[in-house]
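Chains A and B are the protein sequences, given in the same order.
Quick note: the first sequence uses my numbering, first residue 13, plus one each step.
Quick note: the second sequence uses my numbering, first residue 13, plus one each step.
Careful, some of the hints might be misleading.
Note that the list lumps identical chains together, so a pair holds whenever it fits in one copy or between two copies.
[What the hints assert, rightly or not] Computed cross-link-like contacts, DMTMM-like style, restricted to lysine to aspartate or glutamate with a CA-CA straight-line distance of at most 25 Å:
no.	residue 1	residue 2
1	Lys237	Glu344
2	Lys496	Glu601
3	Lys394	Glu156
4	Lys237	Glu346
5	Lys394	Glu267
6	Lys496	Glu557
7	Lys96	Glu219
For the record, the hints were derived by calculation from the structure and aren't laboratory data.
If you want the building blocks of each chain, they are given just below.
Number of protein chains: 2
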Amino acid sequence: MTDYRAPTTDMRFTMEHVVGLDDLIGLERFAHVDRDLLVGVLDEAGRFTSEVIAPLARVGDTVGSVRNPDGTVTTPPGYQEAYKQFVDAGWPAAGFPEEIGGGGLPWGVAVAVQEMVKSSDLGFSLCPMLTYGAVDMLAQHASEEQRATFLGKLVTGEWSGTMVLTESQAGSDVGALITKATPADDGTYRITGTKIFITWGEHDLTENVIHIVLARTPDAPTGTKGISCFIVPKFLVDSDGSIGERNDLTCVSIEEKIGIHSSPTCVLSFGDEGEGAVGYLIGEENQGMRYMFTMMNEARLSVGIEGLSLSERAYQQAAAYALERIQGRAIEGESRDPAAIVNHPDVRRMLMMMRANVEAMRGLLYRGALAMDMARYHDDEKVREESETLASIITPLGKAWASDLGVEMTSLGIQIHGGAGYIEETGAAQWWRDSRIAPIYEGTNGIQAMDLAMRRLPMEGGAAIRRILEEVADEAASLEGDLKPMGERLTAAVEATGQVAMTLGGWLLSGEYNNVLAGATPFLKMMGDTLGGWMLARGARAAAEGPDGYTEEFLSDRIATAVFYAEHVLSTVPGLVASATAGAQGLYEIADARLA
Amino acid sequence: MTDYRAPTTDMRFTMEHVVGLDDLIGLERFAHVDRDLLVGVLDEAGRFTSEVIAPLARVGDTVGSVRNPDGTVTTPPGYQEAYKQFVDAGWPAAGFPEEIGGGGLPWGVAVAVQEMVKSSDLGFSLCPMLTYGAVDMLAQHASEEQRATFLGKLVTGEWSGTMVLTESQAGSDVGALITKATPADDGTYRITGTKIFITWGEHDLTENVIHIVLARTPDAPTGTKGISCFIVPKFLVDSDGSIGERNDLTCVSIEEKIGIHSSPTCVLSFGDEGEGAVGYLIGEENQGMRYMFTMMNEARLSVGIEGLSLSERAYQQAAAYALERIQGRAIEGESRDPAAIVNHPDVRRMLMMMRANVEAMRGLLYRGALAMDMARYHDDEKVREESETLASIITPLGKAWASDLGVEMTSLGIQIHGGAGYIEETGAAQWWRDSRIAPIYEGTNGIQAMDLAMRRLPMEGGAAIRRILEEVADEAASLEGDLKPMGERLTAAVEATGQVAMTLGGWLLSGEYNNVLAGATPFLKMMGDTLGGWMLARGARAAAEGPDGYTEEFLSDRIATAVFYAEHVLSTVPGLVASATAGAQGLYEIADARLA
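Looking at chain A on its own, in the form it has when it is part of the complex (with noise of 0.2 Å):
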C-alpha cells in the first residue's frame, strides 16, 4: 500500500476554476471565505488525513471492527487515539454552520476534506458521515430543548450519531418497517423491534451514540405515511448534560461484509431488558419520512464522494506501481532495455482512464455541494430556486454514477498490479471491495435512476434538465481551437442524452412508466458521463487561459485528461441511446419461473 497524498491542487483547481468558488465566496454568509482560507483549509486537511487518517485503512482492514460477547465492539487499534485527534482538530464541525458551533466552511470547500477522509479510510469515514445525518436532523427538525442537550456533542463529533431504518423486510422500502414506539406517560416513547445495517451503530470511539430512530406509533396509517422519528440515545443525558442511565437496546451482532471492515455494521435490537428504549419524538408523529428526505442529499452526494475517493487512491497506488515496476519492454522506440508498465499502452490507457474520471467525478460532485450553498445561501430566490433544482439532479445522478464508476475504476487499480493486484498484501483489493457498498447503500444505484427519471426529469415539465443540458451544449459549442474535437465529443454526447430525455419524458407523459424505468439505469450513466464531460470541459477551457497559481505542467495535464476522456468515455454515450430507449417489452418476454 502506498501512502495517500491529498490532490490539493486539483481540490483547488477544481474549486475555482470548474464549479465555480467564486460565485460562493462572494456571499455576504461566506464572507470569511478567500483563497488563503481555502489553501490553508486544503493543506491542513491534506497534512491530517494522510498522516493521521490513512495509516489505519491496513489495519481497519485486516483487523476491523470486532463485538464482544457483552454486545460492545471494539474498534480496531489506532481508531481511539485516531478518532480523538480528528476531534481534537475540529475536523467533524468544519462543515456545519456556525449557528450551532461549527466552523462555517461552506459545503462546497468541506466537501473536500470529505474527500480526503474518504480517501485516507472509507469505513473510519462513515462514523462522522452518519453523524453529519445525525446533525442536520436535529438542527432542522428538533426541539430547542433537544438540540441542547444532543446537538452540541454531536457537532463537535465527541458524540458520533446514526441513522436507524432498515429492518429485513424493509430495505429499500422504508415504508414497510415495523418497529413499534409506544407512548409513556412522560411524554417520551418506549422502542421495540429489530433493525439491522446500522453503520456504526455501537463502537468505542464516542462515550455516547445518538440513534435516530424511524418506527411507527400505534395506530400510525400503513406505509411512509406512518413512520416518525426518534432520538434514541445509547445512554441517556442527564439534565445536566452528563452521561446517564444504560437505554434498553444492545448491538446484538455485526454483519461480516466485503469491505469496510472497521466500520461495524450492526443489528441493533430495542427493549430485549425492558420496555423499550427510550426514544424522544422529532417534530411531529408519521412526519419522519418528510423529515429524513431533508437530510437525504448531503448523504447520497457523500456516498458519491465515496467512488470519487476510492477511485483516486486506487489511481495514486496503481500510478505509483507502474512507475516502478520493470517488465517487459517498451515496443516502440529504440532500447531494448528493461522498461517500467508505465510505457506500454494498454497500462497508461487504463491510468488516464483512472484519472479523467476521477476530475470528472470530482468536477460534478464539488458541483453539486456548491449548488446546495447556493440554494440554501444565495440572495437571489431565482438562483437560490436553479440551485436547488441542479442541486437534486446531481443528488442522485452523482450517487450512482460516481459509486458505479468508483467500483470500475479501483478495479482497473488491481488489473494494473497483475498478479500482486490479486493478493491482499498489496492493498489494491481494498479499495475495490470497500468500493463495493457504494452503489448499494443510501439507496441503490436502482433507486437512484429511478428518482432522476421519475422525479428529476419531469421537473418544471422538463425544463430543468433541458436547461443542464442546454448549458453543457453551449460550454461544447464554445470549445475551440485545440479543444474542438472535445467540443465535438461533448456536444454529440449532449444531444443523444437530450434525445433519451425527450423519449422517457414523453412515456412520462402517456404513464409509461415500466418503459422509463427500463431506461432510467443507462439514462443516468450518459446523464453522468456527459456533465461529468461538461466539467472536464470547463477545467480545460479555464487551464488553455494560463490562470495565476498553477504551474503550465499542471494545466497542460488538465487538457491532456479531458482530451482523453472526450475520446475515450464521452465518444461511447451516443452507443447508449438504443438500450435506454427500449423500452420495458423485452424485459418481460420470459416468465417469471424461467428467470430462475
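Please arrange chain B on chain A, whose structure you already have, making use of the hints.
Chain B only, in chain A's frame:
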C-alpha cells in the same frame, strides 16, 4: 447461497444449434459420440458437480487451504473426499484422448463439464485444470520414458500437475526468469530458485504433484530463447512406478488472496536442502517457450470459461433471490400488494443482462473448444487450418472478453441482492471475488488484447479475421421476421468492428505499434460483443425453426435473450470505434513522473 443446477439444456442447445456439434460428431475420430452420449455425460456431470463439488464452495471460501509449519498444505474439510470421488468417477480423464488413457470425449463436449466444475467451485477446479496443462505438455513433448513414468497417473488425476513459470521479477515477461537448471552427471538436472504464484503448488489431495518448471541451463541465451522446461516431481518416482524420495523443493508460503481461497497459491523454493531439486528435461534445451505455447490455448480458453461459469452461478443465485425477495410494489398494473423484486424493471434488466451475456459467452467459448477439436481431427486439411486459425483468435478473445464479463456479471449479482449482497454470508460476494483473478492470470487481459491485435489481426494478411467478420455479416443478413432488428444491430456492430480492424491493420503495416496497442482493449471488447451476438443470432435463428428436443418455452426464451442482447449490448459496439482508433498520442501527453 443457493444450490447449483447445471444448465444442461442450454449447454446441449449451444452445442447442437449454436456451435455445430454435428460437424464434430461426423468425424471418424468421434464416431462414438452421439446425442445419447451427450445427454448422458451432461446429466451425469450435472448431478456430480451439483451434489459433490458445489457444496464445497462455501467452506472453500471461508476456511480455505492452509499452510502448516512443516510446509505441507491442508485443504478445506471435504475436499479430499470430493476429489477422490472426482477421480474415481473418471472425470479428470474424460476429456483426454484414449491413446493416453483418457475417456476420448471431444473438447467440444468436455468444455461443458469444465464449465460445471468451475461453476460449482472455482478454487477446486484449478487443481485438475493445472493438471490438464501438465498432461498436454507431457503428451506432446516428453520422452517415452517420461510419459511412461508420469503421464498415466496425471491423466486419471491420481497425481496432480502444476505450471511453474512466474518469479517475482518475471510475470508477464516470462523471459526475465532466472531459476537455474544445472546438469548433473546422470543426465538429470538440479533446479534452484524461487517461484511464485504456483497454483495448487502444494496440497494434500494427491500423493504426488508433478511440477512443470521453466528454468535456465548454464550459458542459455537471455530472454525467452534460453528457457528450458523440466519435470520436477514433488516425490521422485522409483523405477517400479512407486513413490520414492521427497524432492528438494518446499512450499515456503501461500498467498492471501481476494478469492479462490481453497486454491493454494504457493511460493515454491527449489534447492533449499541441497544441490537442488531433481528435474528431468522435457525435449531439448532452450525450447521451453515453444512447448509452453502449444498448451496455452486450452488453458486460456479455460480461464474464459471461468467468467462464464461464475456468471452462470451468480445468475442462478440472483434470479432465485429476485423471485423470492418481496420489496416495494410493481409500478404498473392494478395491484398495490408488495411484490417480488423481479417485477421491478431495473432488476429485470440486470437479470436479463446476466442471462444474455451467459448465453453469449457459452456460445463463443464452446465454439472455440469445438474449433480446437476440428483443428486436430478433421480429415480436410483446409478445415483443419481454418479451425486452427479460428481457435487461435477465439483464445485470447474469449479469455479476456469473458473474464472481464465475469467480474461485471457477478457484480450485478451482488447488486440484485441489495444490502444483503454486501454481506459475505449471502454468498453472492464469493463469485465476484473469485472472478477477479480471471482477467489477471494466464496472461493479463492487456496481454490478450495485445495478442489479438498484434498477432491475430495480421494472420493471413488480415484475411483470417475478415473471414470471421464476413461470416458474422452473412448471419446478420440472414435474420428475418422478428429477428430482423437484431440483424440490423449485428450488422452495425460487425461493420464498426471491421472498420476498427482496418484502422489497426493499417497501423500494423506502417509500424505504428503504439497506436495499435492503444486501441487493442476496446477492439477486443468490440470483437467479443460482436461474436457473442453472432452466437446468440445463430441460436435464435435455430430456435425459431423449432428443433426437436426442446420445449417451446425454452426456444422462445432463447429468442428473447438474443433480442435483448441486440438492443442492450450489440447496440453499444459502434460507440467504441472512437476509443479503439484514437491512437496512442493522447496517452503520452502527460509525462511519466507527473502521473504519480
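Looking back at the hints listed earlier, which ones does the structure fail to meet? Hints 3, 5 not satisfied by this model.
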